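Per full-length UniProt numbering: the first sequence = residues 1 to 594.
No lab work stands behind these hints: they were computed from the structure.
All values reported here derive from a predicted model rather than from experimental measurement.
Careful: at least some of the hints might be erroneous.
As the list claims (entries may be wrong) - Just the calculated beta-carbon pair ranges, DEER-fashion:
{"id": "1", "residue 1": "G364", "residue 2": "I331", "range": "17 to 27 angstroms"}
{"id": "2", "residue 1": "E299", "residue 2": "P232", "range": "30 to 40 angstroms"}
{"id": "3", "residue 1": "R404", "residue 2": "M484", "range": "24 to 34 angstroms"}
{"id": "4", "residue 1": "E534", "residue 2": "D198", "range": "52 to 62 angstroms"}
Stated by the list, open to error - Straight-line Cα separation of at most 27 angstroms, DSSO-like style, residue types lysine-lysine; simulated pairs:
{"id": "5", "residue 1": "K355", "residue 2": "K322"}
{"id": "6", "residue 1": "K366", "residue 2": "K124"}
{"id": "7", "residue 1": "K384", "residue 2": "K355"}
{"id": "8", "residue 1": "K533", "residue 2": "K500"}
{"id": "9", "residue 1": "K172", "residue 2": "K233"}
{"id": "10", "residue 1": "K486", "residue 2": "K527"}
{"id": "11", "residue 1": "K432", "residue 2": "K421"}
{"id": "12", "residue 1": "K500", "residue 2": "K530"}
{"id": "13", "residue 1": "K506", "residue 2": "K531"}
{"id": "14", "residue 1": "K120", "residue 2": "K366"}
{"id": "15", "residue 1": "K20", "residue 2": "K31"}
{"id": "16", "residue 1": "K160", "residue 2": "K172"}
{"id": "17", "residue 1": "K120", "residue 2": "K160"}
{"id": "18", "residue 1": "K322", "residue 2": "K279"}
{"id": "19", "residue 1": "K486", "residue 2": "K464"}
{"id": "20", "residue 1": "K533", "residue 2": "K506"}
{"id": "21", "residue 1": "K401", "residue 2": "K86"}
Positions of the beta carbon are idealized from the N, C-alpha and C atoms, including for glycine.
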Amino acid sequence: MEQRATAQCLSLLPKLSSLKEVKQIHAHMIKTALDQFPYEVSKVVEFTSLSVTPQSFAYARELFYRIQNPNLFLYNTMIRGCLINKRSEEATFLYIRMRGENLLPNNFTFPFVLRAFEDKLDLKGGKEVHGCILRTGLGSDLYVLTTLLNMYSVCGGSMKATTKVFEEMPLKDVVSWNCMVSGHVRHGSLELARTYFDHAPARSLVSWNSILSGYANSGRIEEAERLFMEMPKKDTASWNSLISGYLRIGDLNSAERLFDRMPARDVVSWTAMIDGYVKNGHYDRSLALFHQMQLAEIEPSEVTLLSVLTSCASLGALELGKWVHAYIKKIGFSIETNLGTALIDMYAKCGNMEKGLEVFFNLGTKKDVITWTAVISGLAINGKCREALEFFNRMVTEGIKPDRVTFLGVLCACAHAGFVKDGFHYFDSMNKDYLLVPRMEHYGCMVDLLGRAGLLEEAMEFVKAMPFEPDPVIWGSLFGACQMHKNLELGEQVMERLSKMDPWNKGNLVTLSNIYAATSRWDDVAKTRKKMKEKGTRRTPGCSSIEVNFHVHEFVSGDSSHLRSKETYEMLDLLAGRMKVAGCLPNDVLLLED
DNA sequence: GTAGGGTTAG
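With the sequences and hints as input, model every part of the structure.
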């Protein structure tokens with residue numbers, strides 16, 4: 001009687017699916033000792049682990065780990081629950097545990113565990129599952145094989161294994177064909193993807209979207225447009241793909257037009273636009289759109305917040321950045337590696353390194369190379385170069401391998417602090433200890449390092465000995481050093497190169513004129529100015545911004561457009577006067593130039 | 001379909 005009543009209650013659960021109700025029924029089961037019955041327990045686990053709220057998942061886990069010898073069904077539901085709740089680490093752990101307990105996985109287990117290994121980009125794990133599939137004789141299950149295809153196409157370095165599985169499939173459906181299309185798109189072989197797309201006996205919306213995003217993301221916007229027009233059906237993802245295609249090539253107008261015209265916008269559409277503004281340097285517009293998004297009551301995702309934080313970092317919008325930090329806590333996103341790193345970077349670029357370090361230490365073990373690099377670069381740009389190098393050493397001690405960007409931070413720290421010897425030590429260490437071949441940008445740091453230290457001859461020799469043809473940035477570094485150390489002779493040589501390589505750069509003639517001014521060559525200053533006029537070179541006006549009450553105010557030099565510009569200039573005069581009294585003189589070189 | 005760290009000068 002009791003048993004039947006409980007079973008009836010349980011059958012209602014998917015419709016109710018409230019954690020409170022599940023708990024009530026479970027309490028009842030405990031009272032009647034029914035939770036000894038694996039079937040009932042498994043139901044509870046199933047319903048709660050299917051639920052996507054973190055609370056009910058936590059409840060399901062608690063139940064699951066109390067069960068002594070979970071059966072196959074329990075493992076399956078729990079693995080699926082882990083996957084839905086984005087705990088692929090735990091899903092694979094459970095799979096390994098169930099294999100250890102000699103439970104044979106079935107066709108229900110494989111797709112989920114394959115997706116878990118796919119999430120972790122764990123090809124080795126995925127291969128083990130493949131072997132197990134063959135041993136269990138499920139090597140012809142269409143659903144299992146399709147997930148296997150996807151795992152290989154995501155985790156594999158090439159499409160070799162994927163193609164092999166595909167070709168050996170006794171039966172192929174739309175999804176398997178699409179795996180081949182999206183796999184080749186992922187590996188950047190658009191032509192192959194197109195071949196599979198064209199040869200597929202049937203195409204789903206997903207296939208259309210895969211190939212569309214392939215064209216959009218590789219800048220082949222005309223082909224993407226054509227596909228978009230040809231599509232028999234479109235969903236929000238199709239619109240989003242084309243929008244991000246426009247954003248990628250910097251065509252903001254077309255992206256905006258599409259964004260305004262699309263029938264339904266979701267979080268991804270908003271996020272793509274916001275991030276598109278960020279990537280194209282329109283930070284102010286990205287924040288304005290974020291504001292609009294909130295007025296439209298669209299909940300931002302973690303990805304949205306990552307973009308917004310990047311925007312805050314670039315603008316130095318500390319207050320808004322702090323607001324985002326508080327907002328993350330409020331809506332209950334846990335601060336893991338990505339958000340943590342973005343927060344650290346934001347605090348560092350806004351000049352509040354203490355806060356950045358606080359976030360860093362709160363991350364515990366959830367730190368990766370990118371997180372460490374954000375801290376190292378952050379310390380370097382905040383003038384804490386010793387600390388930056390100390391963090392680098394700690395990172396290595398903790399077994400995290402630095403990558404090429406980490407070394408940019410390290411070399412930047414050395415350059416800013418004048419640590420010439422350390423700079424060369426780390427530069428050599430790249431190849432010797434980490435098999436990283438220094439790129440142009442690393443050489444750029446070294447030229448900057450030598451140049452700032454006043455070792456201009458050495459810097460020039462270093463440039464000549466480089467394995468690449470120096471780019472304008474390299475010469476620009478050297479040129480800046482010539483200005484800093486008032487070296488006219490080398491400066492003129494560098495200018496000659498720069499005028500050939502980068503004739504339209506507005507800054508170079510300005511720097512040249514500064515060098516002349518610094519060495520009292522007034523005739524040449526005048527000549528350079530004349531040349532600037534002839535070429536139509538105008539200095540890009542210096543621009544700064546300040547954030548008050550979440551509004552970013554931008555100022556251009558000589559600007560009087562702001563409502564409170566008069567007060568601002570009065571305050572500036574006052575501050576300049578005080579600085580003079582305090583013995584701070586403005587940089588004479590810059591004064592002469594304007 | 002959107003995604004965190006980056007070399008010069010200004």
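Structure-based check of each hint:
1. G364 / I331: 17 to 27 angstroms: About 21 angstroms separates the Cβ atoms of G364 and I331, which means 17 to 27 angstroms holds.
2. E299 / P232: 30 to 40 angstroms: holds, 32 angstroms
3. R404 / M484: 24 to 34 angstroms: Taking Cβ atoms as reference, R404 and M484 lie about 27 angstroms apart, which means the hint holds.
4. E534 / D198: 52 to 62 angstroms: holds, 55 angstroms
5. K355 / K322: holds, 10 angstroms
6. K366 / K124: Since the Cα atoms of K366 and K124 sit roughly 23 angstroms apart, the hinted pair holds (cutoff 27 angstroms).
7. K384 / K355: With Cα atoms ~14 angstroms apart, K384 and K355 stay inside 27 angstroms; holds.
8. K533 / K500: holds, 18 angstroms
9. K172 / K233: Distance of about 23 angstroms is within 27 angstroms: holds.
10. K486 / K527: holds, 18 angstroms
11. K432 / K421: holds, 16 angstroms
12. K500 / K530: Holds, at about 19 angstroms.
13. K506 / K531: holds, 12 angstroms
14. K120 / K366: holds, 15 angstroms
15. K20 / K31: The hint holds at about 17 angstroms.
16. K160 / K172: Cα-Cα ~18 angstroms, so holds.
17. K120 / K160: holds, 20 angstroms
18. K322 / K279: holds, 22 angstroms
19. K486 / K464: Distance of about 21 angstroms is within 27 angstroms: holds.
20. K533 / K506: holds, 11 angstroms
21. K401 / K86: Distance of about 26 angstroms is within 27 angstroms: holds.
Of the numbered hints listed earlier, not one is contradicted by the structure.
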